[in-house]
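These protein sequence lines map, in sequence, to chains E and X.
Just so it is clear: in the first sequence, position 260 is 260 by my numbering, and no numbers are missing.
Just so it is clear: in the second sequence, position 303 is 303 by my numbering, and no numbers are missing.
It should be emphasised that the hints constitute simulated quantities derived from the structure, not laboratory data.
Nothing here was measured: the structure is a model prediction, and the numbers come from that model.
Wrong hints could be hidden among the right ones.
[Unchecked claim] Reference excerpt, derived from the structure (chain X facing chain E, CB under 7 Å, subset only):
| # | residue |
| --- | --- |
| 1 | N233 |
| 2 | P237 |
| 3 | F263 |
| 4 | E384 |
| 5 | L407 |
| 6 | L450 |
Ideal placement from N, C-alpha and C gives every residue a C-beta, glycine not left out.
Number of protein chains: 2
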Amino acid sequence: MNTQRSGGRRARAAKRANAAERAFDAAWRQWKNPYAPIEQFSADEIEAIHNASLKVLRDTGIKVLNDEARAYYVQVGMREGKDHVIHFDPDVLMGLMAHAPSEVTLHSHNPARTVTIGGRQVGITTSAGSPNCSDLQGGRRPGTLLDYDNFCKVAQAFDVIHFIGPVVEPQDIAMGLRHLHMTRSIAARTEKIPFVYFRGREAIADSYEILRLAHGLNHEDFVNTPVSYSVANSNSPLQLDELMCRGIIDAAHGGQMMILTPFTLAGAMAPVTIPGALVMQNAEALAGLCLSQIVRPGAPVCYGSFTSNVDMRTGAPAFGTPEYVKAAFASGQLARRYNLPLRSSAPTASNAPDAQAAYESQMSLWGALMGGANLILHGAGWLEGGLTISAEKFIIDVEVLQMFAELFKPLEVTEATLGLEAIADVGHGGHFFGTQHTLDRFETAFYSPLLSDWSNYENYRDRGAVDATQRANRIFFEKVDAHQPPLMDPARIDAIDAFIAKRTEEGGANIER
Amino acid sequence: MNTQRSGGRRARAAKRANAAERAFDAAWRQWKNPYAPIEQFSADEIEAIHNASLKVLRDTGIKVLNDEARAYYVQVGMREGKDHVIHFDPDVLMGLMAHAPSEVTLHSHNPARTVTIGGRQVGITTSAGSPNCSDLQGGRRPGTLLDYDNFCKVAQAFDVIHFIGPVVEPQDIAMGLRHLHMTRSIAARTEKIPFVYFRGREAIADSYEILRLAHGLNHEDFVNTPVSYSVANSNSPLQLDELMCRGIIDAAHGGQMMILTPFTLAGAMAPVTIPGALVMQNAEALAGLCLSQIVRPGAPVCYGSFTSNVDMRTGAPAFGTPEYVKAAFASGQLARRYNLPLRSSAPTASNAPDAQAAYESQMSLWGALMGGANLILHGAGWLEGGLTISAEKFIIDVEVLQMFAELFKPLEVTEATLGLEAIADVGHGGHFFGTQHTLDRFETAFYSPLLSDWSNYENYRDRGAVDATQRANRIFFEKVDAHQPPLMDPARIDAIDAFIAKRTEEGGANIER
Numbered sequence: 001m002n003t004q005r006s007g008g009r010r011a012r013a014a015k016r017a018n019a020a021e022r023a024f025d026a027a028w029r030q031w032k033n034p035y036a037p038i039e040q041f042s043a044d045e046i047e048a049i050h051n052a053s054l055k056v057l058r059d060t061g062i063k064v065l066n067d068e069a070r071a072y073y074v075q076v077g078m079r080e081g082k083d084h085v086i087h088f089d090p091d092v093l094m095g096l097m098a099h100a101p102s103e104v105t106l107h108s109h110n111p112a113r114t115v116t117i118g119g120r121q122v123g124i125t126t127s128a129g130s131p132n133c134s135d136l137q138g139g140r141r142p143g144t145l146l147d148y149d150n151f152c153k154v155a156q157a158f159d160v161i162h163f164i165g166p167v168v169e170p171q172d173i174a175m176g177l178r179h180l181h182m183t184r185s186i187a188a189r190t191e192k193i194p195f196v197y198f199r200g201r202e203a204i205a206d207s208y209e210i211l212r213l214a215h216g217l218n219h220e221d222f223v224n225t226p227v228s229y230s231v232a233n234s235n236s237p238l239q240l241d242e243l244m245c246r247g248i249i250d251a252a253h254g255g256q257m258m259i260l261t262p263f264t265l266a267g268a269m270a271p272v273t274i275p276g277a278l279v280m281q282n283a284e285a286l287a288g289l290c291l292s293q294i295v296r297p298g299a300p301v302c303y304g305s306f307t308s309n310v311d312m313r314t315g316a317p318a319f320g321t322p323e324y325v326k327a328a329f330a331s332g333q334l335a336r337r338y339n340l341p342l343r344s345s346a347p348t349a350s351n352a353p354d355a356q357a358a359y360e361s362q363m364s365l366w367g368a369l370m371g372g373a374n375l376i377l378h379g380a381g382w383l384e385g386g387l388t389i390s391a392e393k394f395i396i397d398v399e400v401l402q403m404f405a406e407l408f409k410p411l412e413v414t415e416a417t418l419g420l421e422a423i424a425d426v427g428h429g430g431h432f433f434g435t436q437h438t439l440d441r442f443e444t445a446f447y448s449p450l451l452s453d454w455s456n457y458e459n460y461r462d463r464g465a466v467d468a469t470q471r472a473n474r475i476f477f478e479k480v481d482a483h484q485p486p487l488m489d490p491a492r493i494d495a496i497d498a499f500i501a502k503r504t505e506e507g508g509a510n511i512e513r
Numbered sequence: 001m002n003t004q005r006s007g008g009r010r011a012r013a014a015k016r017a018n019a020a021e022r023a024f025d026a027a028w029r030q031w032k033n034p035y036a037p038i039e040q041f042s043a044d045e046i047e048a049i050h051n052a053s054l055k056v057l058r059d060t061g062i063k064v065l066n067d068e069a070r071a072y073y074v075q076v077g078m079r080e081g082k083d084h085v086i087h088f089d090p091d092v093l094m095g096l097m098a099h100a101p102s103e104v105t106l107h108s109h110n111p112a113r114t115v116t117i118g119g120r121q122v123g124i125t126t127s128a129g130s131p132n133c134s135d136l137q138g139g140r141r142p143g144t145l146l147d148y149d150n151f152c153k154v155a156q157a158f159d160v161i162h163f164i165g166p167v168v169e170p171q172d173i174a175m176g177l178r179h180l181h182m183t184r185s186i187a188a189r190t191e192k193i194p195f196v197y198f199r200g201r202e203a204i205a206d207s208y209e210i211l212r213l214a215h216g217l218n219h220e221d222f223v224n225t226p227v228s229y230s231v232a233n234s235n236s237p238l239q240l241d242e243l244m245c246r247g248i249i250d251a252a253h254g255g256q257m258m259i260l261t262p263f264t265l266a267g268a269m270a271p272v273t274i275p276g277a278l279v280m281q282n283a284e285a286l287a288g289l290c291l292s293q294i295v296r297p298g299a300p301v302c303y304g305s306f307t308s309n310v311d312m313r314t315g316a317p318a319f320g321t322p323e324y325v326k327a328a329f330a331s332g333q334l335a336r337r338y339n340l341p342l343r344s345s346a347p348t349a350s351n352a353p354d355a356q357a358a359y360e361s362q363m364s365l366w367g368a369l370m371g372g373a374n375l376i377l378h379g380a381g382w383l384e385g386g387l388t389i390s391a392e393k394f395i396i397d398v399e400v401l402q403m404f405a406e407l408f409k410p411l412e413v414t415e416a417t418l419g420l421e422a423i424a425d426v427g428h429g430g431h432f433f434g435t436q437h438t439l440d441r442f443e444t445a446f447y448s449p450l451l452s453d454w455s456n457y458e459n460y461r462d463r464g465a466v467d468a469t470q471r472a473n474r475i476f477f478e479k480v481d482a483h484q485p486p487l488m489d490p491a492r493i494d495a496i497d498a499f500i501a502k503r504t505e506e507g508g509a510n511i512e513r
């Protein structure tokens, strides 16, 4: 009798815990930002920045180093000046930008992990593009495919990660083959939206082919189904190089999302004033984004913001600074001015997964999210201005991301949540631990941390005073060990492997053009 | 000739640096938050919380354990029920609250350090009330007067600290004498606005007398000049104890600022729902604040918010959680509902000055500041839910506070800051390091960090890979060593010392009533 009751309680508790987990998952998988964005500038000031960037595009123009791209621009009425400079007609430009979609849905090969960005909707990526990786055991070292795989496995473990970047360069794989193994690893080990590098026509085509096979799509459906994202960085100031133009054109043809992110570090590649750096960011973003819309009106694109400042004593880039936050707030206003999704980031210049890394990344993240960003690149793992991805920093960031996913869940104000009955019942003194109002809700009432240790000092000390960075290290490798590859039809994996074998035999991709 | 030119350059550079420092100081000494506050609830939802708290005050009431306080309430028409419970008439209550000022100016004995809170204006305090202190050298230990003095010295070194809390309990001083030495130390070593503990009538009177002497004011001017602040914590749920009532009454008579902060931890002393916890916070805050306004209409007060949640598995308090941030946003809306300044905090539950301490405190701080808080208690140094003040955490927090002070400086959008001329001059490729536009601005363009290390990895490693916590330790003790006491008429110090000698001879204060 007792056993049965206790079993019933356990079953009910398990059911509640399950329901709680499902409720958490749903909100963590598709974030909706419920808060009105913070604005840095008045509407007039944003209009002044907009107009100044149109003036830059018209008068100074953008140097475009790819012949096909220049031909596209000229074809719609832009003027080619000397030295490959394209001068933009503001009306034609704005007419083209009107074709760009305000939201993009990125499809996972597991439909439950498909994610939309734009409007109030937000997606998160891992850190991307680091040559090095680090963890407490192995220190800092050039990345390998094993490291790459480990970060993929850990990314797969967390619902608050929606996109995956090229987490670390697998430097043990030849450049011409690297994209093949990176794309396969993401497709086979995760359900996250993959990144495709703009490393030339062949590498892009190879990556798209692997993703097409992973999704089991025919060629026609593939080019109408965004399943990946890429970043084109303009070569600030005011240049678009051969590979970036190539990528913008190929991504538009491929129907895959392209983010145009100017690398506008105020004081170095951009004016020392934040409004000036934003003028340049905006000019370069519009120039690249409109190329997509010429190639294929309605191509999925995203406005990229990465404006920060440098240390004026050394020229070193700085992140998570007050200037970074202001630029992030303003970039939200600019992206909304064009009705585009906004990409921002959560970077830090710290060399270690320490308190500086935590506070700088969080300054960046608050600036980005409260500015209204829809896609956070470098959301987990980034250190050293991107030169390293850190296992410990990855877990520290996931904890903060999970807190934001919870923060973004709205609170209901109802008779039940106002709790007048419970307040009257408990009265003066006393506590709420045992009330029915608490018992009905306690399992899902609050965020339960992944990394934070809320124990008292004596317990913390007696367990060895293990700090957050050390705890993060443990969690990272527990997640590596616990990894289970997501379900995928083995025939798809076989097709991918056959394709990689063929491309390897052919010598891989020419990544120069 | 060369020497002269170089001297001229140096002089000009020094002048510019000086001007830059002055410009930084001014904004750091009086913060103005330029951003519209983030709102958690609709106006209707805030009204529902307001109305629910009035219902709680009327029907369940507040247990008031001090006879004089109950007499004050009854005198204005509140009803005393059984067991010392006061039932509040909503109209009388709101009529009283209308007397409370929306801004309070707190005077320093150095007029340049006087600070106003309320509206857009924000002040920052150190951490307060910890029994323990810690640093990397000495570990965690009970506080002494030497530790207390060190934190006062370091607080004095930073313009972004405006108020000083009882940083750590000097446990080597007898309780009845402690307030004398604490108040003297703040007055003699800092120009920050001091905290006065509500530890009974005599201790409050002693503290006020020391501050009166420090300011060189006569008794009449003193009670019309806010020079200090105190916190009354209601004994949640729904109680005001003897000492807190005593303090509220004495602070109102003394013309000194009183913050009423309910200790509403959702799931423990308050309902498990955040709206329910806010109903209780609001009821308790209004009950205590209106007592001030009965004693002395127009007495300087501040609405205190500290609502957070507990870990439901252990009952341990948690801080910097998503729930904490939501409560902070909502508390801003409630304080503005009553046109009152808002006190919030930047706490963490972390046991070490590590990444967790950094990210939890920053979650709290962003929630508080973007919710529209006017006074941030525990702004620097807090660890372990307040059980310890940490030297390293103090410096980590100051770095983040300085970043916020910079963030709050507005950006001008003008022809000069849009930088079109510089952009046209630099053209495509190239950089902005050497342009006149950069040279004219680079010294004051960006925040220059106190603690953050932006060097590259090789330099960081070659200097010993000193992480943020270790660097913070160095900075803390450099500031202790560099301390210079602020200017004060020696006659005032003599008067304070004579007063302390007399009170010591009399046996100090009775801190029980």
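### Message
Quick check on N233/X please, does its C-beta sit within 7 Å of some C-beta on chain E?
### Response
With a closest approach of 14 Å, the N233/X hint is violated.
### Message
Can you verify the interface hint for E384/X: is its Cβ closer than 7 Å to any Cβ in chain E?
### Response
holds, 5 Å
### When the least beta-carbon distance from P237/X to chain E is tested against 7 Å, hint result
holds, 6 Å
### Query
Was the hint right that F263/X lines chain E, CB cutoff 7 Å?
Because about 12 Å separates F263/X from the closest Cβ in chain E, which is outside the 7 Å limit, the hint is violated.
### Query
Against chain E, is L450/X within 7 Å by beta-carbon distance?
L450/X check fails; min Cβ-Cβ to chain E is 11 Å, beyond 7 Å.
### Message
Quick check on L407/X please, does its C-beta sit within 7 Å of some C-beta on chain E?
### Response
Since the shortest Cβ distance to chain E is 4 Å, the answer is holds.
The structure fails to meet hints 1, 3, 6 from the earlier list, while all remaining hints are met.
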